[in-house]
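Engineer: One-letter residues, chain by chain:
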Amino acid sequence: MSGARIVWAPWAVLAGCAAATAASFAYLGADFIALLSGESARQMAKFAVGFFPPDLSAEFLRRVGRGAAETLAISALGTLLAALAGVVLALPAAGRWGWPPRWIGRLVLNLLRSIPEMVWAVFMVLAAGLGPFAGCLALALHTTGVLGRLFAETLENAAPEPARALRDAGSGTTLAFFYGTVPVVLPQFVSYALYRWEYNIRMAAVLGFVGAGGLGQLLYTTLSWFQSAQASSVILVMILIVSMVDVLSASLRRHLGRSGG
Amino acid sequence: MALAATLPATRDPALAPRLALTAAALLLLWPAVELSELDPRALLDGNNLQVMGRFLGSFFPLALQADFLSLVLRSTVETLALATAGIALAIAAGFPLAMMVSQSLSVSRIGPARRAWLGPALRVPVRALLVVMRSIPEIVWALLFVRAVGLGPAAGVLAIAVNYAGMLGKVYFEIFEAGDTRPARAILEGGGRRVHAFAYGVLPVALPEIVSYSVYRWECAIRASVVMGFVGAGGLGQQMELSMRMLNGGEVATMLIAFLALVMIADQVSSILRKVLV
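Heads up: the protein sequence lines correspond to chains A and B, in order. Just so we're aligned: 73 in this note's numbering is position 73 of the first sequence, and the numbers increase by one with no gaps anywhere. So the number in this note's numbering is just where the residue sits in the second sequence, counting from 1, plus 261.
Treat the hints with care, as some may be off.
[What the hints assert, rightly or not] If you want the footprint, here are the derived chain A segments under chain B, 3+ residues with CB under 8 Å:
no., segment
1, 11-25
2, 99-110
3, 165-174
4, 227-240
[Claimed, not checked] Restraint ranges, calculated between C-beta atoms of paired labels, are given here:
no., chain 1, residue 1, chain 2, residue 2, range
5, A, 173, B, 439, 45 to 51 Å
6, B, 310, A, 88, 21 to 27 Å
7, A, 249, B, 508, 37 to 43 Å
8, A, 63, B, 461, 21 to 27 Å
Treat the hints as calculated values from the structure; they're not laboratory data. Fair warning: this is a prediction, and the values are worked out from it, not measured in the lab. Backbone N, C-alpha and C define an ideal beta-carbon position, used for all residues, glycine too.
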């Protein structure tokens with residue numbers, strides 16, 4: 001009985017997926033073949049050719065360099081602020097003070113996390129004005145939700161013995177937390193924050209699309225002014241940053257894995 | 262007196278190095294603070310406070326007029342459709358790209374083959390292409406396609422297709438390589454054709470992981486397609502951007518709720534799909 005179910009279920013699901021895909025194309029109604037052939041293909045090719053060669057004049061590269069530095073600064077500070085706020089919210093969310101604060105803490109973290117960075121960025125541009133500060137706040141708000149939840153889980157799963165031993169030996173609750181719990185959870189906290197920083201560098205590069213500073217803002221302006229050559233150098237730097245972060249984090253992980261394992 | 266002598270140091274012996282480390286980190290962060298124009302006073306600026314306060318205040322009541330709700334429903338379905346169509350194209354393109362860069366089907370690795378130079382000559386440019394496709398964020402692709410094919414969901418579909426084909430291609434390739442390559446090699450060495458080696462040697466080993474990762478990416482595509490709407494690539498995001506520009510909080514709040522519901526449903530569907538297929 002169950003054997004028969006296992007045989008037909010995947011096929012039924014696959015057929016369902018195929019039907020959903022067909023329905024999606026039908027709903028969108030766009031003729032992708034026409035879009036990618038004939039006149040529109042020629043226009044696209046013309047558009048693409050405009051990106052070469054990229055503008056590599058020293059003056060523009062300085063602006064791109066500043067944009068890149070801004071992007072890195074936004075991601076670093078946003079992640080740092082989020083780590084600090086995440087710890088503050090993770091304490092109640094981990095149930096340290098009973099269930100009502102735990103419930104409220106989780107609610108706040110979930111709310112922060114479920115709103116995408118880009119939406120936060122639009123809100124923050126309203127609240128703090130155009131510029132990198134808005135991007136920094138937007139990243140910090142979303143990341144607080146993500147890190148806070150991970151931190152809370154780490155706190156809940158941390159071994160309670162060291163802190164209990166300190167308390168049994170007569171130390172206060174606060175000191176027992178700092179010398180008994182923090183050393184246990186800190187490596188995990190740091191690794192979560194670093195992983196999130198890596199993700200945020202990529203995010204900070206595009207938050208500027210809604211006016212929140214960094215490379216994204218530069219790309220958006222150059223594309224709006226139809227400065228394709230300039231836009232193409234910004235995209236090149238984006239590719240460079242993303243692949244550098246990829247390579248660095250992969251080698252770091254390999255290295256840490258080897259020494260840690 | 263005697264008691265004090267036996268007590269260990271009451272001060273943290275690691276205090277000085279920790280303070281030094283913190284000070285050094287703060288010093289390093291200073292340029293970042295300058296660059297990101299970190300200035301909490303901007304938040305308390307009277308004008309900003311007023312704009313933000315009025316906007317937040319307008320979140321309630323939610324916009325629940327019948328015609329607006331039907332617009333939200335249509336945009337939500339459009340988001341779903343554009344993510345699904347995009348991921349379908351991405352799978353269709355990512356698969357052959359991954360096969361081109363994979364060496365588990367390389368005949369020349371086993372022994373002399375006709376046109377042995379062709380493999381590496383193809384692999385390097387395809388690999389570079391994959392890097393470019395996935396390193397340019399989806400929202401940048403979306404903006405480029407909006408410029409190329411105009412506003413609307415078609416740009417979003419193409420953006421997801423290109424960006425995710427790059428990611429899927431890389432991950433499929435890693436799955437092909439990580440799996441046991443002996444069955445495929447046995448078929449190749451036995452004189453089987455490459456298609457057979459792939460279908461009977463590589464695919465059975467790799468399929469569960471491929472399905473599971475593709476379904477996960479579909480979930481990501483839904484989240485991403487909302488964001489891509491902000492540059493005009495259709496779906497819920499495009500409507501949300503319009504309402505935000507008008508500072509119509511009630512509409513924004515309704516659409517945020519629709520977005521959260523969509524993400525939650527996608528989450529459930531993807532976990533069911535994974536359970537059934539893997």
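Engineer: The structure should be examined with respect to each hint, and the outcome stated for every one.
Structural biologist: A quick look at each hint next to the structure:
1. 11-25: holds (count 8)
2. 99-110: n = 0 at 8 Å, threshold three: violated.
3. 165-174: With 0 residues close enough to chain B, the hint is violated.
4. 227-240: holds (count 3)
5. 173/A with 439/B: 45 to 51 Å: holds (48 Å)
6. 310/B with 88/A: 21 to 27 Å: Distance hint for residue 310/B, residue 88/A holds at roughly 24 Å.
7. 249/A with 508/B: 37 to 43 Å: At roughly 39 Å between Cβ atoms, residue 508/B and residue 249/A fall inside 37 to 43 Å, so the hint holds.
8. 63/A with 461/B: 21 to 27 Å: For residue 63/A and residue 461/B the Cβ distance comes to about 55 Å; the hint is violated.
Going through the hint list in order, the structure does not satisfy hints 2, 3, 8.
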